[in-house]
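Student: Protein chains in written order, with full-length UniProt numbering: chain A, 1 to 339; chain B, 1 to 339.
Please keep in mind that the hints were generated in silico from the structure rather than gathered at the bench.
Fair warning: there could be bad hints in the mix.
Computed spacing ranges between beta-carbons, pair by pair [said to hold, decoys possible]:
hint	chain 1	residue 1	chain 2	residue 2	range
1	B	103	A	322	28 to 34 angstroms
2	B	22	A	246	54 to 60 angstroms
3	B	211	A	263	39 to 45 angstroms
4	A	7	B	324	34 to 40 angstroms
5	B	121	A	293	46 to 52 angstroms
6	B	136	A	107	42 to 48 angstroms
7	A	124	B	215	31 to 37 angstroms
8	B	263	A	253	55 to 61 angstroms
9	A	331	B	266	37 to 43 angstroms
Covered by chain B, per the in silico footprint, the following chain A stretches (three or more residues, Cβ under 8 angstroms) [unchecked claim]:
hint	stretch
10	126-137
11	249-261
The structure displayed is predicted, hence computed values, not measured ones.
Glycine included, each C-beta is placed from N, C-alpha and C at the ideal position.
Chain by chain, the residues run as shown.
2 protein chains.
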Amino acid sequence: MPRPDLEQVLLGHGAGGRLTAELLDSVVLPALAGEELRGPLEDAADIPGEDGLVITTDGFVVSPLFFPGGDIGSLAVHGTVNDLAMRGAEPIALTVAVVIEEGMELDELRAVLTSLGTAARAAGLPVLAGDTKVVQRGHADKVFITTTGLGRRIPGLRPSAAGARDGDTVLLSGPIGAHGTAVLSTREQLGFTADIVSDSRPLHRLVRALAPLGEAVHTLRDPTRGGLAAALNEIALDSGVQITLDETALPIPGQVAAACGILGLDPLHVANEGCLVAFVPHERAQDALRLMRSRPEGVSAVSIGQVNGTRPGRVVIRTAIGGERTVDMPLGEQLPRIC
Amino acid sequence: MPRPDLEQVLLGHGAGGRLTAELLDSVVLPALAGEELRGPLEDAADIPGEDGLVITTDGFVVSPLFFPGGDIGSLAVHGTVNDLAMRGAEPIALTVAVVIEEGMELDELRAVLTSLGTAARAAGLPVLAGDTKVVQRGHADKVFITTTGLGRRIPGLRPSAAGARDGDTVLLSGPIGAHGTAVLSTREQLGFTADIVSDSRPLHRLVRALAPLGEAVHTLRDPTRGGLAAALNEIALDSGVQITLDETALPIPGQVAAACGILGLDPLHVANEGCLVAFVPHERAQDALRLMRSRPEGVSAVSIGQVNGTRPGRVVIRTAIGGERTVDMPLGEQLPRIC
């Protein structure tokens with residue numbers, strides 16, 4: 001007998017882990033079917049016939065709408081700007097579509113959209129087009145926002161999720177785990193919300209700072225849904241390489257670690273919205289760190305591991321006591337509506 | 001004492017009429033604030049620095065998901081293709097973001113996305129990027145889809161909502177009222193659903209057929225939310241002209257008129273998803289009609305009125321018995337979730 005829940009969409013299908021990948025592979029990609037969506041799923045897509053232009057789209061359903069360090073409006077800008085940046089592109093235009101629940105307070109809607117507009121201006125990005133729909137009470141949850149970003153590649157940069165190579169050093173631009181724990185602890189009304197602030201911010205200027213390295217920037221990815229574990233597993237698969245992390249090098253703030261302990265989460269699974277991983281050849285790693293640290297958003301950049309080993313598609317972590325364990329793709333059911 | 005409902009979003013705020021315009025003017029545009037969103041609100045926006053490229057975004061929340069003549073998937077393609085076409089542009093890329101309600105049947109999701117993929121291929125349009133989010137049961141209504149379209153202007157065409165001029169003839173490419181009545185009668189489970197079929201279809205090839213007229217194509221608009229009344233009122237305002245319609249020329253199918261009678265709707269307020277109005281100088285009207293009728297989607301094209309008169313911003317209709325009445329902007333509360 002079939003398990004009925006296998007025939008329905010689960011909350012975890014949206015959380016960026018294995019379930020999301022399954023939904024994409026079994027339903028979404030076969031239906032949309034274009035060859036353009038095959039191959040490595042990058043953060044943003046090249047536009048055929050329009051050299052240097054890339055495009056990306058993202059829906060935002062974070063709950064609650066406001067959390068320490070941000071809100072759904074600023075997040076909708078940062079998430080899309082960062083998807084463009086991960087392809088080595090500067091943002092040039094943004095569109096915004098909102099679905100609003102009947103009865104939402106206009107003041108709350110105004111606050112969200114004002115934050116969105118402010119974030120877009122801070123990123124130097126015009127909002128060119130928009131759309132507004134309203135559905136009945138109980139058919140949405142206040143407001144969902146979809147942003148689409150158009151970007152132009154910075155000359156020389158060609159980062160790709162399939163670009164990581166043996167011998168690369170894995171760099172991380174800042175501490176991990178803050179965004180997801182900030183949202184979740186606010187949602188669950190845990191007491192430590194004031195201590196953990198989302199890292200939500202635009203990363204295109206950090207990527208621009210890396211431009212002098214040119215094609216040595218093999219791979220860029222922002223570890224959002226599914227966290228660092230999902231981002232690195234996708235890169236390991238798409239590039240056909242093994243990634244080995246050094247546990248002692250992972251920048252996990254003490255408050256994040258403590259909150260994850262209370263919430264029963266692995267910090268490697270928690271979404272980030274303001275840091276990136278960069279894969280560069282070992283001999284360029286120091287240059288890359290220096291360039292990243294020249295920007296406020298990369299001031300805490302560190303090396304967290306390397307590309308080596310004989311198990312393509314795997315991510316392993318060398319523990320503090322000298323052991324080794326696999327970092328699996330998260331299943332993705334623990335962290336719904338984090339972005 | 002303030003009326004509390006004035007401080008909340010109403011269902012009619014999403015219906016494309018006066019309430020939508022108020023929400024845009026009082027909340028959305030001030031918040032997003034960029035000059036790019038000022039001036040006439042076109043169906044698609046020029047992208048600064050990228051000559052000839054236009055972009056548009058649209059959220060689709062139609063209920064029910066399936067209706068005679070289409071579904072939310074095909075509609076999400078046609079609506080966005082048509083917004084590009086109304087700026088005289090060919091579609092070159094599409095992105096798709098879906099928000100899914102937990103518990104939606106995978107088969108239904110697959111059917112919607114397959115229809116979307118089929119419609120995109122039929123329009124010759126690659127789906128370049130996508131995103132999938134899932135929210136808890138009761139926090140969405142099965143699935144909402146946001147599509148963003150990128151287009152390239154057909155050389156020579158520069159239609160604008162602000163381009164209508166005194167002496168223009170107003171052409172309509174086909175009968176009106178079918179989409180909205182098909183959706184509404186399906187939703188309300190009225191008996192005549194089988195008789196009325198949505199006109200949902202892509203219009204970019206019809207626009208391409210008009211290319212020989214070049215800049216004589218002053219204005220193109222597809223009368224979607226808010227119907228022909230909203231589209232023409234927007235053009236009258238943005239162009240600063242009076243539009244006079246000939247009631248006897250309006251192509252309203254008998255079944256649509258009958259359904260509108262039962263539903264208490266004005267056919268001029270009902271959304272269409274497969275026809276357009278074109279404003280061309282009087283002396284080019286016959287050429288335009290001939291070109292439109294060369295395409296299946298324009299075979300029933302007719303002239304419905306002209307630009308003349310001394311009341312800029314007004315739309316009037318000459319009735320069959322020789323009288324005249326104003327065609328107001330619909331308020332927009334009668335037809336929620338029609339697209």
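Student: Would you mind marking each hint as holding or not holding in the structure?
Tutor: A quick look at each hint next to the structure:
With their beta carbons about 46 angstroms apart, residue 103 (chain B) and residue 322 (chain A) fall outside the hinted range of 28 to 34 angstroms. For the pair residue 22 (chain B) and residue 246 (chain A), the supplied restraint of 54 to 60 angstroms holds, since their beta-carbon distance comes to about 57 angstroms. In this structure, residue 211 (chain B) and residue 263 (chain A) break the distance hint of 39 to 45 angstroms, their C-beta atoms being roughly 59 angstroms apart. Taken as a hint, the range 34 to 40 angstroms is violated for the pair residue 7 (chain A) and residue 324 (chain B), whose Cβ atoms sit roughly 58 angstroms apart.
A hinted range of 46 to 52 angstroms for the beta carbons of residue 121 (chain B) and residue 293 (chain A) is consistent with their spacing of about 47 angstroms. Range check, residue 136 (chain B) to residue 107 (chain A): about 25 angstroms between beta-carbon atoms, so the 42 to 48 angstroms window is missed. Separation of residue 124 (chain A) from residue 215 (chain B) is about 33 angstroms and conforms to the stated range, judged on CB atoms against 31 to 37 angstroms. Roughly 59 angstroms separates the CB atoms of residue 263 (chain B) and residue 253 (chain A), a value that falls within the hinted 55 to 61 angstroms.
Remark: the range hint 37 to 43 angstroms for residue 331 (chain A) to residue 266 (chain B) is contradicted by a beta-carbon distance near 52 angstroms. Counting residues of the stretch 126-137 of chain A whose CB falls under 8 angstroms from any CB of chain B gives 11; the rule of at least 3 is met. Evaluation of the coverage hint for the stretch 249-261 of chain A: breached, as 0 residues show C-beta separations to chain B shorter than 8 angstroms, against a requirement of three.
In terms of the numbered hints stated before, the structure departs from hints 1, 3, 4, 6, 9 and 11, listed from lowest to highest.
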